[in-house]
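Enquirer: Listed below, chain by chain, are the residues.
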Amino acid sequence: MTQAAQGTTRGRPAKTSSRRTAGPAQVWAGRVPRVLRGTSRARWSGWLFVLPALAMYGFFVLKPLLTTFQYTLYRWDGIGPSQWAGLDNYRTVLTDPDLLEIILHAFVLIVFFSFVPVALGLLVASLIHRVTRGPLGTAARTVLFLPQVIPLVAAGIAWSWVLSTTGMVNQVLNAVGLGRYSRAWLGEFDTALPAVGVIGAWVLLGLCTILLVTGISKIDPALYEAARIDGAGSVREFFAVTLPSLRREIGICLTVTVIAALASFDIVYISTSGGPGTATTVPGLEIYRLAFAQRQVGLASALAVVLMLLVLVCVLPIQRLSREGK
Amino acid sequence: MNISRREAITGRAFLILLMVVTLLPFVSMLSAALQPRGTVPSGLEWPSDPHWGNFVDAFDVANMGALLRSSLLIVLGVVPAAVVIATMAGFGLGHLRVRGGGIALAVLLLGLTMPFEAVITPIYYQIMDLGLLNTRWAIILPLIGLYMPFSVYWMRAHFLNVPKELSEAARVDGASTWQLFWRVHIPLARPAISSLTILMFLWTWNQFLLSIVMVDDPAKRTMAGALGAFQGQWGTDLVLLCAGSLLILTPTLVVFLVFQRQFIAALLQGSVKG
Chain V
94 MTQAAQGTTR GRPAKTSSRR TAGPAQVWAG RVPRVLRGTS RARWSGWLFV
144 LPALAMYGFF VLKPLLTTFQ YTLYRWDGIG PSQWAGLDNY RTVLTDPDLL
194 EIILHAFVLI VFFSFVPVAL GLLVASLIHR VTRGPLGTAA RTVLFLPQVI
244 PLVAAGIAWS WVLSTTGMVN QVLNAVGLGR YSRAWLGEFD TALPAVGVIG
294 AWVLLGLCTI LLVTGISKID PALYEAARID GAGSVREFFA VTLPSLRREI
344 GICLTVTVIA ALASFDIVYI STSGGPGTAT TVPGLEIYRL AFAQRQVGLA
394 SALAVVLMLL VLVCVLPIQR LSREGK
Chain P
4 MNISRREAIT GRAFLILLMV VTLLPFVSML SAALQPRGTV PSGLEWPSDP
54 HWGNFVDAFD VANMGALLRS SLLIVLGVVP AAVVIATMAG FGLGHLRVRG
104 GGIALAVLLL GLTMPFEAVI TPIYYQIMDL GLLNTRWAII LPLIGLYMPF
154 SVYWMRAHFL NVPKELSEAA RVDGASTWQL FWRVHIPLAR PAISSLTILM
204 FLWTWNQFLL SIVMVDDPAK RTMAGALGAF QGQWGTDLVL LCAGSLLILT
254 PTLVVFLVFQ RQFIAALLQG SVKG
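Taken in order, these protein sequences are the chains called V and P.
My numbering numbers the first residue of the first sequence as 94 and each following residue consecutively.
My numbering numbers the first residue of the second sequence as 4 and each following residue consecutively.
Don't read these hints as lab results, they were simulated from the structure.
Every residue gets a Cβ at the ideal spot worked out from N, C-alpha and C, and that includes glycine.
Careful: at least some of the hints might be erroneous.
Said to hold, decoys possible - To spell it out: a stretch of chain V is covered by chain P in this simulated footprint if at least three of its residues, at any positions, have a beta carbon under 8 angstroms from a beta carbon of chain P; those stretches are:
| hint | region |
| --- | --- |
| 1 | 176-190 |
| 2 | 309-318 |
What the hints assert, rightly or not - Coverage of chain P stretches by chain V, computed from C-beta distances (three or more under 8 angstroms per stretch; other residues unrestricted):
| hint | region |
| --- | --- |
| 3 | 18-29 |
| 4 | 55-69 |
| 5 | 86-100 |
| 6 | 131-139 |
| 7 | 187-196 |
| 8 | 230-241 |
| 9 | 259-273 |
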């Protein structure tokens, strides 16, 4: 899901005059005060347009958000009376080795969800950008977007099967004589988290590639010609021309994928339920489990607040860097 | 010339490789779905005698008819309402530029990067207080709110680019703000609105977390939520699970293939603006 960050808040424009709510009769009455009155009336009555959206947002996002902060200060099982806990819940999140490990998992997933698709996407995009027109290009766009369209749950089910003991990955390994490496990829402590990461990489690779290809197609061809005249090979060309020009697109890819990694839930829930042990448990899953299975609402909320801050801490610098100099 | 030719060939090879990697999990699922029931399928192996009947079984077992209906009801509850109020807000903030609109935008910005997990617990208790747990409203109402930051920013971006002269002309003709909105600006905003509609359809149809938290009965969930329950129930019957998953995928795939162009454009713009 590409629900992501946006950093733009454009300033209000200077132009404020010349908006009228006046009826036809008043238009002909034409004097200065009429214009002023009309302007300010539209500016206030305009809130009626904004209000329904804000009301829904306020009730289902802002209010719960405040409640989350409030929950973090209490010990509550969701049913009985709650006890004041001060900052204990935060202390637990930041010191409990299990919870810290769970947070670490989210960062491991960033490697797979973000770095792998962006790096691979860059490589692939620079190789294929010349062949994206024509029927093959059209077919490729459709195919590469499939993982974005299907529910993540389905991706999780498909890959659980591909990575299972009798699945395709082991079948291929056996076929090429590497059978000794075959295993239950999602079931073993060492491989489960990377295997979950591979699922995420598969989901996000297509989107990143297409975003990057679109970016490359906007680069001025003269830059490439200049590089060639200077005798640059494909590799030099990539680092001198392609990479710097794609700053914005890379920023977008990183933002979308980092959020997907930190807030991952669906894929993990379906493919491993966080196991074996807690080898693949991520903050999203732990919040769900703490709040609804273990009935530790306060602790779950503290973890939620930490997760929200982590997303901001990771995403804001990416946004800033990718917008610099543009 | 030789170089560019070689590049074109490697490019094509890589593109095809990438497509194969993307498609293989689906093909693998299909090959498993066609094995005789009760067997343990292995990897990618086309069955000598494909059991297409598995899909019929899965359709009955998964109660697909009810699931489709439920997902549709949820989409109908969320998307039109969310699109209308987001468009209105985008109009107010982007075109009318209401006084203090900057504050509203700043407040909405808060929700733009917020993961759903951050508010799911309080939303659950709020919905419980409203007595709406285990109804579709428990998915519909929060989703409308949760979509607001993105959709309002999306529509505002559109309205920022609409020339003011247009409204002025209509005003001179005596249009009220409301008429201006419906008669002049909505028709012009159609491309932005249809992209937003597509994105919200997709996100709603595929919504998983809210589904499993708010609603116990899979038949009242979204498709994705129902698929989760289906896996829980039939996880050991791999043949049926694969057939069921493919069936549950089909409606989205069909819609995607029909509206491909719009989908891809919407998804690309969605991640760029998002």
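Enquirer: Could you run down the list of hints and mark each one as holding or not?
Expert: Results of checking the hints against the structure:
1. For the region 176-190 of chain V, the assignment as covered by chain P is violated, since 0 residues bring a beta-carbon within under 8 angstroms of that chain's beta-carbons and 3 are needed.
2. With 0 residues carrying a beta carbon less than 8 angstroms from a beta carbon of chain P, the region 309-318 of chain V misses the three-residue requirement, and the given coverage is violated.
3. Proximity of the region 18-29 of chain P to chain V, defined as three or more residues with a beta carbon under 8 angstroms from a beta carbon of that chain, is established by the 10 residues found.
4. For the region 55-69 of chain P, the assignment as covered by chain V is violated, since 0 residues bring a beta-carbon within under 8 angstroms of that chain's beta-carbons and 3 are needed.
5. Coverage of a stretch by a chain is defined here by at least three residues with a beta carbon nearer than 8 angstroms to that chain's beta carbons; for the region 86-100 of chain P and chain V the count is 9, and the condition holds.
6. Only residues whose C-beta sits within less than 8 angstroms of a C-beta in chain V count toward coverage, and the region 131-139 of chain P has 0 of them, not enough to reach three; the restraint is violated.
7. For the region 187-196 of chain P, the stated coverage by chain V is violated: 0 residues have a C-beta nearer than 8 angstroms to a C-beta of that chain, whereas at least 3 were required.
8. Only residues whose beta carbon comes within less than 8 angstroms of a beta carbon in chain V count, and the region 230-241 of chain P has 4; three or more means the coverage holds.
9. By the rule of at least three residues with a Cβ nearer than 8 angstroms to a Cβ of chain V, the coverage given for the region 259-273 of chain P holds, with 8 such residues.
Checked against the numbered hints given earlier, this structure breaks hints 1, 2, 4, 6 and 7; the rest are met.
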